[in-house]
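Engineer: Sequence:
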Amino acid sequence: MHTHENHIHRLMSLVAMQTLSKSLSPIMVHQHVLPVVINLSTDPVPNIRFNVAKTLQSLATQVDAPVVSSDIQPCLSSMIGDDDRDVKYFANCALVTLVASA
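For the record, in the sequence shown the residue sitting at position 98 is 322 according to the working numbering, with numbers rising by one throughout.
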């Protein structure tokens with residue numbers, strides 16, 4: 225569903241992954257959930273992208289610190305340069321939260 229042409233399906237897959245990831249091991253989140261979420265960070269729909277930022281912030285609490293440094297923070301940093309102001313805002317909020325909690 226994360227590649228479906230309808231953006232509502234992509235958004236719902238993002239929400240489902242965030243919810244279901246709470247029941248997964250950190251390795252499963254890293255190997256199976258995180259790549260899909262990071263891939264959606266370049267979705268053409270801004271609503272998807274700012275929800276990716278929120279999801280990344282949530283997933284950061286479920287994976288090991290090296291994964292946050294190597295995968296999540298770089299993705300959020302690139303999202304801060306997005307053209308959409310909401311995407312920038314949520315990416316920045318997530319990044320500030322991650323840096324403060326490190």
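Honestly, the hints are just simulated from the structure, not real lab data.
Bear in mind that the values here come from a model prediction, so they are computed numbers and not experimental data.
Don't take each hint at face value.
As the list claims (entries may be wrong) - DEER-style ranges, computed between Cβ atoms:
id, residue 1, residue 2, range
1, 230, 326, 20 to 30 Å
2, 229, 326, 34 to 44 Å
3, 324, 233, 25 to 35 Å
4, 263, 310, 18 to 28 Å
Glycine residues also receive a C-beta, built at the ideal position from the N, C-alpha and C atoms.
Engineer: The structure should be examined with respect to each hint, and the outcome stated for every one.
Structural biologist: Outcome of the hint check:
1. At about 37 Å, the CB distance of residue 230 to residue 326 disagrees with the hint of 20 to 30 Å.
2. At about 38 Å, the beta-carbon gap between residue 229 and residue 326 stays in the expected band of 34 to 44 Å.
3. Against the hinted window of 25 to 35 Å, the Cβ-Cβ separation of residue 324 and residue 233 comes to about 34 Å, which satisfies the hint.
4. Against the hinted window of 18 to 28 Å, the Cβ-Cβ separation of residue 263 and residue 310 comes to about 20 Å, which satisfies the hint.
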